[in-house]
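Quick note: to get my numbering, add 1169 to the position in the sequence shown (first position is 1).
None of these hints come from the bench; they were simulated from the model. Some clues are possibly wrong.
[As the list claims (entries may be wrong)] Label-pair restraints from in silico Cβ distances: (1) 1413 with 1207: 40 to 50 angstroms; (2) 1192 with 1364: 49 to 59 angstroms; (3) 1368 with 1426: 38 to 48 angstroms; (4) 1359 with 1229: 45 to 55 angstroms; (5) 1459 with 1416: 20 to 30 angstroms.
Backbone N, C-alpha and C define an ideal beta-carbon position, used for all residues, glycine too.
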Amino acid sequence: MKVVGISALRSYRQSGVTTRLAVGSVTLGILAVVAVLVSLSMGPVEIPVSRVAAIILSMVGLEIGDFGRTEGLVIEQIRLPRIVAGALVGAALGVAGATMQGLFRNPMADPGIIGISAGGALGAVVAIVTGMAGLYFLALPAFAFIGAIGASFLVYGIAIAAGRFSMATLLLAGVAVNAFLSAIVSALIYLLPNIDSLREIIFWLAGGLDSRSWEHVQVSAPLILGGMAAMFLMSRDLNLLMLGDDEARSMGVRVGFTRPALLVAAALATGAAVAISGIIAFVGLVTPHILRLI
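Please model the entire structure based on the sequences and the hints provided.
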């Protein structure tokens, strides 16, 4: 009877994981392309999927198929920016959610746990209440981003104020800051006399990508992609941190640098996402679990 070595079993297991990952990635890629084409074809102006594909190919210099000028403008200037913005927002929230779950070693953690969503909401409400949102189309996203980043740094500052950092303290600080900022937002909404501003606030808090343009994508993409790249580069250290601080240190991880760096990267990506989309719930919580199933 032939005895199979441990190394052979390990190689077989790794090959199975690699195959499943490759199949899952290809399947998700195909589904994403189909979803994009179908989404671009739907709307007040119905555009066949074949023409949508022709328009997209023409944008990269491949003139294949005919389409009208109006159809081209609708796809290029209205629908495609929203699709790209949605992809960036979803990716940012998903990666940041996985990072938060790893740092807190809690499958129920999400990016909003360190006050990013509440801070972004407060920044957006302040921009609308003060009238700054109407002065420049990027003013509201800018205020929301500043609020999101400010809230996350406030949470981290409270967590290290006692001189000894712990994830439990960070979690409690996040809950407290979230509640405090949400109370301020509720008070501003209650005291707001202008019904039009109230509608704008509620619309933003509900989350969405309406009226998003290439300018919004250009402003948010560097922050989102930069934050995601930093989280990917530190993914190995994140896996080791999940074993515990002492174990991670014994394996060469600079815990005092890696954990704050991951928090900053997650805050940057999530803050930029919230700034252009408003508050979108459950994406950062559910996406990591769905990908783990694959």
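Status of the hints after comparison with the structure:
Distance hint check: the CB atoms of residue 1413 and residue 1207 are about 46 angstroms apart, consistent with the given range 40 to 50 angstroms. As the Cβ distance of residue 1192 to residue 1364 is approximately 53 angstroms, the hint placing it in 49 to 59 angstroms holds. About 45 angstroms separates the C-beta atoms of residue 1368 and residue 1426, a value consistent with the hinted range of 38 to 48 angstroms. Roughly 50 angstroms separates the CB atoms of residue 1359 and residue 1229, a value that falls within the hinted 45 to 55 angstroms.
Between residue 1459 and residue 1416 the Cβ separation comes to about 28 angstroms, which falls inside the hinted range of 20 to 30 angstroms.
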